[in-house]
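Chemist: Each chain is listed here by its residues.
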Amino acid sequence: MSWGSWGDFFAMGGYALYVWGSYAVTLGLMVAEVVLLVLRKRNILEHLGRMRGAARRVAL
Amino acid sequence: MLTALRCVIYRDLLLAVRRRADVATALLFFVIVVSLFPLGVGPEANLLRTIAPGVIWVAALLASMLSLGRMFSADHADGTLEQMLLSATPLGVIVVAKVIAHWLVAGLPLVLIAPVLALQFDLPQPLLGVLTLSLLLGTPVLSLVGAIGAALTLGLRGGGVLVSLLVLPLYVPVLIIGAGTVDMAAAGLGVEAHFLLLAAFLVFAGVFAPWAIAAALRISAE
Amino acid sequence: MNVNWFKYSSPQTFFPLAGALAPWFLSAALLLGAVGLYLGFFVAPTDAQQGEAYRIIFIHVPAAWMSMFLYVVMAFWAGVGLVLNTRLSGMMASAVAPTGALFSFIALWTGSLRGKPTWGTWWVWDARLTSELILLFLYFGFMALQAAIDDPRRADKAGAVLALVGVINVPIIYFSVQWWNTLHQGASVSLKSAPTMAATMFAGMIVMALGFWMYSIAAALLRVRCIILERERHADWVAQYVRTLK
Chain F
1 MSWGSWGDFF AMGGYALYVW GSYAVTLGLM VAEVVLLVLR KRNILEHLGR
51 MRGAARRVAL
Chain L
1 MLTALRCVIY RDLLLAVRRR ADVATALLFF VIVVSLFPLG VGPEANLLRT
51 IAPGVIWVAA LLASMLSLGR MFSADHADGT LEQMLLSATP LGVIVVAKVI
101 AHWLVAGLPL VLIAPVLALQ FDLPQPLLGV LTLSLLLGTP VLSLVGAIGA
151 ALTLGLRGGG VLVSLLVLPL YVPVLIIGAG TVDMAAAGLG VEAHFLLLAA
201 FLVFAGVFAP WAIAAALRIS AE
Chain P
1 MNVNWFKYSS PQTFFPLAGA LAPWFLSAAL LLGAVGLYLG FFVAPTDAQQ
51 GEAYRIIFIH VPAAWMSMFL YVVMAFWAGV GLVLNTRLSG MMASAVAPTG
101 ALFSFIALWT GSLRGKPTWG TWWVWDARLT SELILLFLYF GFMALQAAID
151 DPRRADKAGA VLALVGVINV PIIYFSVQWW NTLHQGASVS LKSAPTMAAT
201 MFAGMIVMAL GFWMYSIAAA LLRVRCIILE RERHADWVAQ YVRTLK
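Chains as they are written, first to last, in the working numbering: chain F, 1 to 60; chain L, 1 to 222; chain P, 1 to 246.
The shape of chain F in the complex, shown without the other chains (with noise of 0.2 Å):
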């Protein structure tokens, strides 16, 4: 399958908002699930970090 430039590629045979609709959307969730999961561990981390502090000064 050969485009005839990268303006036909992007143009999609006038499909581009439907075909790049899709994929961007999909990338998009996609790569948010990863992040969002990151920050999550990062998050509990923290949360147990402080906590453990926390529990260090009562004990004290």
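It should be emphasised that the hints constitute simulated quantities derived from the structure, not laboratory data.
Bear in mind the structure is a predicted one, so any value in this text is a computation, not a measurement.
Beta carbons: idealized from backbone N, C-alpha and C, even for Gly.
Accuracy of the hints is not assured; some may be wrong.
What the hints assert, rightly or not - Here are some chain P residues the structure puts well away from chain L; computed CB gaps all over 10 Å: (1) 8; (2) 21; (3) 23; (4) 27; (5) 46; (6) 47; (7) 145; (8) 169; (9) 172; (10) 175; (11) 180.
As the list claims (entries may be wrong) - Some chain P residues close to chain L (C-beta under 10 Å, calculated; not the full set): (12) 138; (13) 140; (14) 142; (15) 151; (16) 152; (17) 154; (18) 157; (19) 158; (20) 162; (21) 176; (22) 197.
Add chains L and P to chain F, keeping to what the hints say.
Modeler: Relative to chain F, chains L and P alone:
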């Protein structure tokens, strides 16, 4: 075992009779919802005749779902449920009895009143019987499957809406076949296959749902 | 040779394993995705009837496959957790659910975007799209039920019952919806892809499906790590782990 079945059904019916308001509200909800549709889509006779089976079936579904919360919550609140869990009678039997009682109180009235409501939509005479029979076979399945949802969400906040979210997707096959039965009859095609399919759903649900309901009750009541 | 098959069935031992494996699966996903996209855009020819718009199927079909596959996986782990009473299995089921719901949504979104240029409407009551919609509701039901229950063990078990009931119903739902669709054939159209599919198109779809699968595993592993930390936060090994990160 049959004594236990009879006892639980009798008890639940007695409790329902003492709280007639609960039963009546679900029935009234059914009637009101069915009456809302012509107000929403216009009184054009042909349109109403076409949508009648679907509307009545969906309304029956929703009304049946409304009354699910009542099935186990009262027993859970006063400790009867724990006694049921501990009793020598298999939990499945007790559960079947409760579902039967629920259907007699929440499903059967819908079946009996549906033909009257169908007249509002000018559904042709021969189709009334098909509609009633389809609801007669379908509403017990709704009670059985709904009971699973009720058992899973026992005592949870956001109860009513949560049960709907859990149970409505599972209702879809019954809805499709049930309403489809009347559509087939309207088109002059044979309905035996559909009735057999509805009966199959009933048997399938009757055999497997009590097991799931019992498991869910044990999980929820711990 | 004595293999301890259950070595990794405790959250404590699985946690580091998941952390080690996740990057590999993500890399595999990226690689397969790149190959799949190359096949989809530069090897597969233009469709005679649908033009370039058909290229959406390289996401739509694999996403739909994944959403159904992940539901079965979720039900499997939930069932294992229910029967064997293992904590990690329940955590795994909860970890898989959001990714499955995500793919279900993607399947619906891309299905809609594919329907518009082809059939003129943003939504068609096609048998498969409708079943996909109901599958999304099933995922939401599972996630909502688990969110509503505070006790994690009860949440695991309740979710398991729901998932198992759901997994039995999925074929029933699919066939009844398909029947419903054929009965009302006049009013609706089918989004069945072109009956003759070029080998390159099929290859592209398979590679994308594999890529999505690798991605799902990676996402589930990352998520289960979060769930393990949340649920086991009172355990000594977690305190140890937090200390080592300082």
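Chemist: All hints, please: hold or fail.
Modeler: Going through the hints against the structure:
no.	hint	result
1	8	holds (26 Å)
2	21	holds (32 Å)
3	23	holds (36 Å)
4	27	holds (36 Å)
5	46	holds (38 Å)
6	47	holds (32 Å)
7	145	violated (6 Å)
8	169	violated (5 Å)
9	172	violated (5 Å)
10	175	violated (8 Å)
11	180	violated (5 Å)
12	138	holds (5 Å)
13	140	holds (6 Å)
14	142	holds (8 Å)
15	151	holds (9 Å)
16	152	violated (13 Å)
17	154	holds (6 Å)
18	157	holds (4 Å)
19	158	holds (5 Å)
20	162	holds (6 Å)
21	176	holds (4 Å)
22	197	violated (29 Å)
Hints 7, 8, 9, 10, 11, 16 and 22 from the earlier list are contradicted by this structure; the remaining hints agree with it.
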